[in-house]
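Listed here are the chains, written in short residue letters.
There are 2 protein chains.
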Amino acid sequence: MQSDLHRVVVVGAGFGGLNAVKGLARAPVDITLIDRENHHLFQPLLYQVATGGLSPADIASPIRHVFRDQKNVRVVLDEIVAIDVDAATVSGTTNSYGFDTLIVAAGATHNYFGNEQWEPVAPGLKKLADATDIRGRFFAAFEEAERTGDTSPLTFVVVGAGPTGLEVAGTMAEMVHSEKGFTTIDPAASRILLIDAAPHILGSYPPDLRKKAQDQLKHLGVEVRTGLKVVDITATSVSVEDEQGHTSEIDASITVWAAGVKASRLGAMLGAEVDRAGRVLVEPDLTIPGHPHVYVIGDLASLEQRGSPVPGVAPAAIQMGKHVARSIRLQLAGGSPRKFRYADKGSLATIGRSAAVANIRGLRFSGFPAWLAWLLIHIYFLVGFQNRLLVMIQWAFNYITRNRSARLIIRHRPTPPTT
Amino acid sequence: MQSDLHRVVVVGAGFGGLNAVKGLARAPVDITLIDRENHHLFQPLLYQVATGGLSPADIASPIRHVFRDQKNVRVVLDEIVAIDVDAATVSGTTNSYGFDTLIVAAGATHNYFGNEQWEPVAPGLKKLADATDIRGRFFAAFEEAERTGDTSPLTFVVVGAGPTGLEVAGTMAEMVHSEKGFTTIDPAASRILLIDAAPHILGSYPPDLRKKAQDQLKHLGVEVRTGLKVVDITATSVSVEDEQGHTSEIDASITVWAAGVKASRLGAMLGAEVDRAGRVLVEPDLTIPGHPHVYVIGDLASLEQRGSPVPGVAPAAIQMGKHVARSIRLQLAGGSPRKFRYADKGSLATIGRSAAVANIRGLRFSGFPAWLAWLLIHIYFLVGFQNRLLVMIQWAFNYITRNRSARLIIRHRPTPPTT
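Chains as they are written, first to last, in this note's numbering: chain A, 145 to 563; chain B, 145 to 563.
The shape of chain A in the complex, shown without the other chains (with noise of 0.2 Å):
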């Protein structure tokens, strides 16, 4: 490579970075795509690894292999301490990355609002670490009662209503019933409770879709408790306070937080505006202001349009990703960059096992069709053909004898930092 080249560093190799890098594969530009993990994570898929559905390995694609064949591009695994656009740097931990463009697409982490000490006792689901680490408690759970042989039912709670709590919750409650083997405990007599502070699941959702996921989250047997506020968690209840003001407290063999997330502290380092969420103002063409050369995409990134934000969802991370390499390639080209267009191409939300709402182009549908248009979405844009063909093997296999084969408790070692 070049160092003649226009120099783009990319921060961060989820859907808005990887698909950014990939929009400039022919450009010529010498390209710097910088993430603490070695893997690109399929997101959406990683509660079915929370609940032993699926191996870490299907659902995340080792950045180096996704752009082994991608020469204008060097992957570096590094973590980014400091910003500075005024110097078009950006250092990691030992090195220091000059920029001609900077796009940050660092993503989301949970939002425990202030109660960071909830963490350990209600992790959330953003790493792989993550969804093994639940996966762990949820079967050491199980384990643990068969062997002190206590027989009252557990409780699994899960803070958050939206699309992340709804997927959790439903495959708990299809999963408490496929646990076989036991002699002395019922995995079945489980209570799964779904608990929001807001009035509604789904709070994005239409009416009609929302209570059609209502209807089927009844069916596989999860509590749905809304206007409940949580005011603490330990590592065996949660409490709560009511609308009315009135708290009680609920035993929980293990809490999994799925109630908000917050954006990075990168965005905190480019010295622009933040939203409440920590998400950067950006402007109509997802630079920041005073910096044409500066692009935040994706969760990250804070933008109106026709009166409503840009969610922060896989597709528009995606399509952020692919406008910024093509206003690159326009600016190259001597050209100027555009607005962004976000084409909402609708959501859809799983429960469970043929159970889903989709609201695609203002077509409403839930059950068994909802839930095959997921698969069929989600599958598709699985990176790797591999991990495609495995993932849905694996799924038509666990479809056909409710098997969850990936149920392994493995107790880890804490980890040395790598970098």
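It should be emphasised that the hints constitute simulated quantities derived from the structure, not laboratory data.
Any given hint could be a false lead.
Copies of the same chain are indistinguishable here, so a pair counts whether it falls within one copy or spans any two.
[To be verified] DSS-like cross-link-like pairs, simulated, lysine-lysine; straight-line CA separation at most 25 Å:
(1) LYS270 <-> LYS373
(2) LYS355 <-> LYS324
(3) LYS483 <-> LYS362
(4) LYS324 <-> LYS166
(5) LYS324 <-> LYS215
(6) LYS215 <-> LYS483
(7) LYS270 <-> LYS466
With chain A held as given, fit chain B onto it using these hints.
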């Protein structure tokens, strides 16, 4: 389960324990199978997980799932802390298990021969967590070199030139050639060293197969160094002493320990005589002296037959498990137990893609036929139909594309103990 049934307690769900329990499927007994992990592990393929070729779930089956249809067994996830053969009880962390017959099949672990301080810097390969740990170190070493721009070739050291050492070294040598997408370093220039204190590799194999294995290792680019005793290991080096007493230090990015095993500490709890490796000296019927209802099988048992020790390999453990089940069934029917006879089905050591040596019933062969035999036998013995199918697809894919899809570095938080 009735408490008036003959109570069989089995400790350990490796090849020995698993086959003992299966062999008692139709016997009028009340079995308790105790293991500290929730999964049976197909250890012969653990090196494939360590080198990114297979996922943990491909080679591990949840024990409870294996026995979901066998009604006379209760599976318990527990760690044994004491055994009282006179009182006929086994103690776990909180429970105590009474038995009429006890089968101890707790296996073996790494033997650092008094240098336990080497374990964190030179992990062995016995558990899933070991394999994902080594996998992470391996891929992180390349990432670190690429990030810092240090282009000096990496050195990977494997200590111990038995079958496991050969598999790890051979597979690593292949992997460094399939690592694509680096722009600064050249993974293919990496050195793989296989070190052993003995004068030969594969000490238990006939000389002509040793020679063939040595040739195949050389062809793969593995440097074999025999007659070198390891005297110290740090995070970045291995110090060795040659037969003339000269010491030297080898730079090592990663060191993998495959130099020896010692029996589980449970062997010492039985009060019977143990050998130097901590294995329990058993009677010809696999019981311990003076306790005709206490069996020790698998890698934990020490037994000589026709002048040579029964080897610590999977087929021996499987045969012992089946034998003990048969003895118990015989005794329940009023008969008396028989002597165990080890049927040596031969030995197979794999080195890499199309590279292996085999010695099956006197028939010695090497190269592709030996590798194919190894592959088919290992797939055949994988527990669970789905695992077999997925592993076969994965291998076919890897073989054609030289791809290793499970190249993941997952940084785990320390896992809280589950028992």
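Status of the hints after comparison with the structure:
Proximity of LYS270 to LYS373 under the C-alpha cut-off of 25 Å is restricted to the intra-copy arrangement: shortest distance 22 Å within a copy versus 46 Å between copies. Taking the closest pair of Cα atoms, LYS355 and LYS324 never come within 25 Å of each other, the shortest separation being 32 Å inside a single copy and 50 Å across copies. Taking the shortest alpha-carbon separations for LYS483 and LYS362, neither the intra-copy value of 44 Å nor the inter-copy value of 59 Å comes in at or below 25 Å. When the C-alpha separation of LYS324 and LYS166 is checked against a cutoff of 25 Å, the pair qualifies only between copies, where the shortest distance is 17 Å, while the shortest distance within a copy is 45 Å.
Taking the shortest Cα distances, LYS324 and LYS215 sit within 25 Å of each other only across copies (11 Å), while inside one copy they are farther apart (50 Å). Neither within a single protomer nor between protomers do LYS215 and LYS483 lie at most 25 Å apart by alpha-carbon distance, with minima of 29 Å and 65 Å respectively. Taking the shortest alpha-carbon separations for LYS270 and LYS466, only the intra-copy value of 23 Å comes in at or below 25 Å, while the best inter-copy value is 45 Å.
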